[in-house]
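**Q** For reference, the chains in residue letters:
Protein chains: 2
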Amino acid sequence: MSTSNNYCVIMAGGVGSRFWPMSTQKYPKQFQDILGTGRTMIQQTYDRISQIVPPKNIFVITNKEYVSLTEQQLPELRSQNIVGEPMMKNTAVCNIYMAKKIADINPNANMIILPADHLILKEKIFHKKIELAFNLAEKNDYLITLGIKPTRPDTGFGYIQFVDKKNSQYFKVKTFTEKPDLEIAQTFLDSGDFLWNAGIFIWSVKSILAAFDTHLEEMAQQFDSCEYNSNEEERCIETIYPKVLKISIDNGILEKAKNVHVIPADLGWSDLGTWTSIYENAKKNDDKNAVSSKHILTYNSKGNMISLKNKNKAAIIDGLKNYIIVDTEKALLICPRENDQHIKEYVQDLKSLKNGDKFL
Amino acid sequence: MSTSNNYCVIMAGGVGSRFWPMSTQKYPKQFQDILGTGRTMIQQTYDRISQIVPPKNIFVITNKEYVSLTEQQLPELRSQNIVGEPMMKNTAVCNIYMAKKIADINPNANMIILPADHLILKEKIFHKKIELAFNLAEKNDYLITLGIKPTRPDTGFGYIQFVDKKNSQYFKVKTFTEKPDLEIAQTFLDSGDFLWNAGIFIWSVKSILAAFDTHLEEMAQQFDSCEYNSNEEERCIETIYPKVLKISIDNGILEKAKNVHVIPADLGWSDLGTWTSIYENAKKNDDKNAVSSKHILTYNSKGNMISLKNKNKAAIIDGLKNYIIVDTEKALLICPRENDQHIKEYVQDLKSLKNGDKFL
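These protein sequence lines map, in sequence, to chains A and B.
The first sequence begins at 0 in numbering that gives the first Met the number 0 and counts up one residue at a time.
The second sequence begins at 0 in numbering that gives the first Met the number 0 and counts up one residue at a time.
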């Protein structure tokens, strides 16, 4: 297999509202150095993938609004490799769009499509699993996803049940269950034959386009009408987008297709989807406080996630246990860590205030 | 009595570190609109006193550093009425300095000297009591202070024990006790014959200068050497200041003098010396939260003092009871209301950090 057939699409269109106030409409999470490593999430994702996919084969698909942010943060990318969507349309749409675009360049392409804002600590294993996946995708009509061993009954993820076949590095997927309730999630966890869907997919453009033809036929036809990588592409896409179905790739394709396979992968993975997951992945001091700067002094305080966007700002925190404290120039958030799933609702409440949009 | 003999000195030299981070070295509390009334504390003090003392007779003594802030906030004052001290020297020194300066203008002057940063809700009573005090000071060699009926065993105030003489509007002072411990403060409160010293003093320049001659003789001699209201004054004061004793007017004069009298005054007074006192005097919503803007949303939160300096900033506060939350561009403070007396210590800790001064 020549790596020149291997492509990558980084999906960077989300708003990250569970991460407010750090993540905002103008500056979403993927463009921020959430963990303080010196590189933003999208830069980390690019750094990780560019070691196994030639940079000229790496694409970013994001909202139109974030094209210039992407250009700033990934100056290595050619401008034609940064694709702006005219509106948010969930993941099925950006998958078919990018598959069409890449198939037009190289009909024998294999592609990995993955989110810009996930944490992967075990880079070597990631590379090994992706190479395996590209090999499988090259030779088989497989839709491949990476599966993460669940560590808690999280109700925010998709769960993959697989058909066990001893001593294999990959398995056929039996069922896909998006966001189960807590009781079911616990059953899945206990059974041992479920994996989390990490949202990292590998397939040939042929396989995924065939799957669209079968399972999302109307969408496939809509996307057939454009001439990709031409001057007409942008105008054509702008005509299609308002009409296409808003559905996730999971619901639209993976739950229906019969050729889905999973590669279990111990990646040190986190979707960094909540402040709590950031807290868990952050460096903590002796009091289990994760603090973002040296000017944060804590008293009688333990287990807090304290993040000040302005590194030249001081904080004194007294008497808080297991809180999230996030301060930006636009907003201050203080809430118990266990309430981090309420942040989307808080943000809705704020939005409903007069001129509330300006805080988002 | 002609009011043209009546003078006022507003003391505005403090740093207000118990009010950090709202009050900072560069912008102390007295120059801020702490309660959100539309006028800063020094402006409120000026507004209150200018109704009974002719504006040309009103002086402000402050640190040199704050002369221009004072000029900006009180454009009604003539520039020669704003006096900058070359360094912090406690209250005895600024008292004698201003008494000397005013005596040089009018040897028959009476003066009221009061802090710039106190709250007085009952203005009418204040005016009545001050008129009584000026009358007494005009006719008698009295050092007069206003006494506030204590409502709690506060250990941060001075307590005045007076000699009860039925049906009088003023009493001779028996003892002065600065900052007693809690047990003693409780005894004082229970006994009923103690008042809080509000730090508002009225006397004739003759009486107070005589008291300095008796009780702080060396300081009196040092201040004798200057020619006030001349071109030489500033240079002379700069020579004296480094050498003079750092002592409060309470310790230096009032605890020793035999002619101190107190006028009990129900002023709706607060020294606004702590965040808790600000909380008590602030408008509160149904959840007993005192919030500084419309963009502050609270959940499961009661009894908090929430103050954001930037009125265009939002805050989400979940799960806090009886906390102080203060946010400025330089610093964030979160601490239980009951710990507000620790703020000075927090600030000391912050100061000891590398470049910690920049947060003060």
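Hints may be right or wrong, so weigh each one.
Stated by the list, open to error - Below, computed lysine-lysine pairings styled on DSS-like, alpha-carbon distance capped at 30 Å:
id: 1; chain 1: B; residue 1: K171; chain 2: B; residue 2: K25
id: 2; chain 1: B; residue 1: K171; chain 2: A; residue 2: K320
id: 3; chain 1: B; residue 1: K357; chain 2: A; residue 2: K329
id: 4; chain 1: A; residue 1: K282; chain 2: A; residue 2: K257
id: 5; chain 1: A; residue 1: K357; chain 2: B; residue 2: K301
id: 6; chain 1: B; residue 1: K148; chain 2: B; residue 2: K171
id: 7; chain 1: A; residue 1: K308; chain 2: B; residue 2: K148
id: 8; chain 1: A; residue 1: K357; chain 2: B; residue 2: K293
id: 9; chain 1: B; residue 1: K308; chain 2: A; residue 2: K353
id: 10; chain 1: B; residue 1: K282; chain 2: A; residue 2: K353
id: 11; chain 1: B; residue 1: K329; chain 2: A; residue 2: K350
id: 12; chain 1: B; residue 1: K283; chain 2: A; residue 2: K357
id: 13; chain 1: A; residue 1: K121; chain 2: A; residue 2: K165
id: 14; chain 1: B; residue 1: K301; chain 2: B; residue 2: K287
Since the hints were derived computationally from the structure, they do not count as laboratory data.
**Q** Hint by hint, note whether the structure agrees.
**A** Hint by hint, here is what the structure shows:
1. B:K171 to B:K25: Answer violated: B:K171 to B:K25 is near 40 Å, above 30 Å.
2. B:K171 to A:K320: Judged against 30 Å, a Cα distance of about 52 Å means the pair is violated.
3. B:K357 to A:K329: holds, 22 Å
4. A:K282 to A:K257: violated, 42 Å
5. A:K357 to B:K301: holds, 26 Å
6. B:K148 to B:K171: holds, 16 Å
7. A:K308 to B:K148: The hint is violated at about 46 Å.
8. A:K357 to B:K293: Measuring from Cα to Cα gives roughly 13 Å; hence the hint holds.
9. B:K308 to A:K353: holds, 19 Å
10. B:K282 to A:K353: Given pair B:K282, A:K353 holds - Cα atoms ~22 Å apart, limit 30 Å.
11. B:K329 to A:K350: holds, 27 Å
12. B:K283 to A:K357: holds, 26 Å
13. A:K121 to A:K165: holds, 24 Å
14. B:K301 to B:K287: holds, 6 Å
The earlier numbered hints that this structure contradicts are 1, 2, 4, 7.
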